[in-house]
Amino acid sequence: MTAPILAGARLLAEDLGPWATDILAALKGQVLVKTSDQTLTPSSTTMQDVAALQATIGISKVSAFVLGLHYNSNTTADLKIGWTFPTGLTMKWYAHRADTAGALLVPGGLIQTSVLTIGGLAADGFALCAGRITGGSVAGLLKLQAAQNTSNASDTKILDGSFLAVLNAS
Amino acid sequence: MADAHGTAVDLHYGGDWEPVPALHSTRISITVGSPGEGQDGQPNRADVELRSTNHELSPLNPTGPLWGLAGRNTPVRITADGSTRVVLESSVWNPTQSMGGHGRTAMTGGGVLRRVQLGKSPTNSPAYQAFTAPVNDPERVAYWPFEEQAGATGVSSPYPGSVELGGPGSIEFGALTSTASARLAKFASFDTFLTFTLPDWTDTLGQHFAGSLLRFPAAGLAANCVIWRFYFVGGNVDYVDLLHSGGEVLSLVAYHGGAVLDTLAAADWTGFVDDREVFLFCTFEQDGADVNVRVRSTGSTYWLLQSSDTLTGRTLGRMYKIVMGTGAGADGLGFGHLIVGGNRDAFGNFIDDNDSDPDYLVTGARGYDRERAGRRFLRLCAEGGIPAVVVGDPDDTQRMGPQPPGTRIELLRECVVTDAGFMHDELDDRAVVMRTGRSLYNQDAVLELSYTGSQLVPGSAPRMDDQATRNDVLVRRRNGGTARARKTTGPLNVNDPLDDPDGVGPIDTAVDVNTDTDAVLADHASWHLARGTIDEPRWPAVTVDLTRAPALIPDANTIRPGDRITITDLPIGFGVLGDTAQLAIGWTENLPPNRRTMALVCVPASPYEVGIMGAADGSVNLRGQAVDTDLSTVDTTINSTTTTMLVTSTGGVRWTTDPDHWNPALNGGPLQLAVGGEVMTVTAIAGTGATQTFTVTRSVNGVVKGHAAGTPVHVRYPARVGL
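Quick mapping for you: the protein sequence lines, in order, are chains A and B. Numbering of the first sequence is given in the working numbering, commencing with residue 215 and proceeding in unit increments. Numbering of the second sequence is given in the working numbering, commencing with residue 919 and proceeding in unit increments.
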C-alpha cells in the first residue's frame, strides 16, 4: 500500500500512479483461484487448509464472498468444509451443494464456525457458497478448510479452478 | 447629513429603523470577521462618534430625542454607498464633554456573537434539550432528568410531579457517563425502588408514551427485575410491568385484580441490552376494545428495535404512577430522563433520525454522534434562540462525534474548527455565521484589484515572515486519538535553516477537533499543515481606497468574510508570479466624513484551490489547475527568450502530450508553468521519454530571465486534495 494522499496535499503525478493502482486493487478485491488439484489426507476427518483459498480480512472490514468449490470425492468419504479465521471475524453464508445422496440442497444460516457437508458423487462436483464477512478486532487470514466427512482410504480432492472471491464492501 | 458616501447611522426603535436625529457628523470604524490569520473570528464591532451640539444624542439625556427609545443593545445599522455595512447592537453609550463644552456621544456596537461569547452557562444535554423543547409542550406529561451530580440529595424536575425513594438502599447520582445526557444515575443496590407520581393530566388521545435512558450493567440485570411498573386508573388494567425476565429478554406483563392478564411484546434483544446505553420506551394505545402495546429501543448501534402486541378486550385508562426498579431489583442499572407523554409518537426530536443520508443515523438519543458540523451549528443556535446562517452547504461539512458538555460558544467553535471553517457575525443582520470549510474552495474573485490602478492605500504590501507558518501540526480528537503532520522537506520545513535553505525550524501547533472517527485525523493534520506551509508572502492588510476608486464600490459592497479577492500587476519584488489570490477573512472599514477605506485581512487562497475533476470534452473550467510534480527539472540551461525548453522527469513521471490539455479554449484556460519565478504558457509538449520538449510562451508575468539546468518545473496552479 502506498502512502495515502492526504487533505491539503498537492496532487502529484508521482503519487497518483501508485494510488490509482491501489484503488483498482481495492475495488477488485481478492479473487483467489486454485491452480492445481489438492488431495486431502485420506482416511482422515481432520480439517486441513485448502491451499490458495485464503483471503486477508481487515479489522472490521465488511466483505461479500463467493466460494466456487470444484471437488471430487467418493460416495462414502463425502466432503466437509469449514473456516479458520482471525479473532472476532463473523460470517453469514449459505450454500448450494449436493447432499450425500446427490440431491441439491440449499442450507442457509451458516456462520463462521459452521461445518458444511457436501456429498461425494464419485465424480467431479461443484458447490457454490456465498455470504458476508465482517472482520474482527484483528486483521488476518480467512482460510478455507476441508476434510473427508467419513474416513475412507479413497482420494478426496479439491480441484484446480476452485475459487474464493472476496469483494470489499467497506 | 450630507456625505460623499452617503454614510448613515440608524437605530431601530418604535418598530422601524430611524435615522439618528440631530446628527451633525459621524466618525465610524467598523471591524468585521477575523483580525488575523489563524485567529478566531471576532464579533463585528463599530465605534461611532455621534456629533451634536449639546448631548442631544445621549440616551441618558432626558431632554434628548433618544430618551426612552434607545439604550443598551438597541439595534444599530450603518450604511454607506447604498449598502448595509453592518447591523449591530449598541452595546456601549459613552457621552463625553469636551473642554470647549461640546457634548458628544461615543457609541460602540457589537455583533450578536459578542453576546454569545458572554454566555457562561453550559448548554443543556441533548436529552434535556429535546425533552424540554417547546415543541413537546403539548405532549409532555412529566419529566425527570436525573442529571444531578454526585452527592445530590434530591431529584428535581422542571415540571410538576413527584418522585419518592423506596427501600433501604440508595441511588447513586452522577454515577455514569452518557452520550445523550450530562450524566446518569444508578441503582446502587437491589433493594431500592423509585415511585414517580404523575401530575393530573387529561388523556385526550387514549395514548401513552413512557421511557428513559437506561444503561444496563455488563453482567446483566437480575432475572425478574421489573424495570418499570406502569399504573393505570379508569380502566380494567391495574398495571403493566416491563419485565426483565432473564438473559436479555424484555416483555410487558399486564395485571388486573392481582392476576396476570397477558404477557405481551416479549423481545429477545440479545446483544443489544447488556453493557449498553439505550433509550427504551413503551407506548400504549387504546384501539377500540383493545390496547396496542409496543416496547421499543434506540441505542448507539442501531435504530430502532421494536416488539408490539395487543391486549385484547381491555380498557387501559390513564397512567398515574410509575414504579422503577421493583421485583428482583435493578442493582447496577443506570438511568436518566424518565419522560412520560400523552402521544405515542411524541419526542421525535430525540428519537428520529435527522440526517439526510440513509447511511448515517443521527439522533439525540445518540448524542448527535456523526452529525454534520453545519447542522450542529444551526441546531445549537436554534436551541439557544440565536439567529444563525451557514454560508455553504450544511450537509457538506465534516461529521462530528457526540455533542460534549460545554458553553454554547465552545460548542459552536468546535463545529467550525472541526470543519476547518470559521465563525463571524452576519453583516446585514443580527445573526451568527458559520462559513463552512468547503465554501472557501475554488471561489471566483469578488473583488479584483490592480496594484497599479490607484486602488490601494500606500503601504498595502506583502510580508515575508513566519507569522502564519505552522510546520508541525498535532490534531487531537475529543475522546479519541491524535494525528501529527510534519513537513520535513520542501519550503518552510522544520529543519534548521543552517542545514537546509528551505527550513525555518519547527513551529508547532495543535488543533482540537471533534470528528466522528480517528480515521480522518491524518487528513485534518495534513490540511492544517498545508495551510501553514504555503510558500507565499502574507498580505495582512490590503487597504482599498473606495473614495479614490469608486468603481470598486459595487463589488466591495458584496464582499463577505472568507471571499476571494485578487491583486494583479504586482511589482516583481513581491515574488508572487505577478498576481495573487487571497481570502479576505476580515476587515476594518473606516468611514470618516467623506471618506471610505477597507483594510482587508487576507490569507493565501492557494490552499483552497481544490482539485476539480475535468470532463473529456474539456467543458469543465479547471481554473488553471493541473496535476503537479516534484520530479521535473529544466534539462538544459535556457536563456531568457527561447521558446523551446527541454524538461527531464524522474520516477516515471511524464508530461501530457495531449494538445487538449494546453488548448486555451478548453478546460477553462491554458496550461501554465512556474519555472524559477517566471510564468510560462505551454503551447506544445512533444516526446514520450524522460526528456520532453516543451514549447512555451515566455515571461507571462513579466519576469524575464534565463534558467539553469536543474531548475524545478511546476505547474502554476497545482490542484490540491480537499478536506
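No lab work stands behind these hints: they were computed from the structure. This one's a predicted model, so the numbers in the text were calculated from it and none came from an experiment. Take the hints with a grain of salt, since some may be wrong.
[Said to hold, decoys possible] Covered stretches of chain B (in silico footprint by chain A; criterion: 3 or more residues with CB under 8 angstroms from a CB of chain A, positions within the stretch not fixed):
hint, region
1, 981-995
2, 1437-1451
3, 1627-1641
The beta-carbon is built from N, C-alpha and C at its ideal position, and this holds for glycine as well.
Verification of the supplied hints:
1. 981-995: With 0 residues in contact (Cβ-Cβ under 8 angstroms with chain A), the coverage given for the region 981-995 of chain B is violated.
2. 1437-1451: Holds: 10 residues of the region 1437-1451 of chain B have a Cβ under 8 angstroms from chain A.
3. 1627-1641: holds (count 6)
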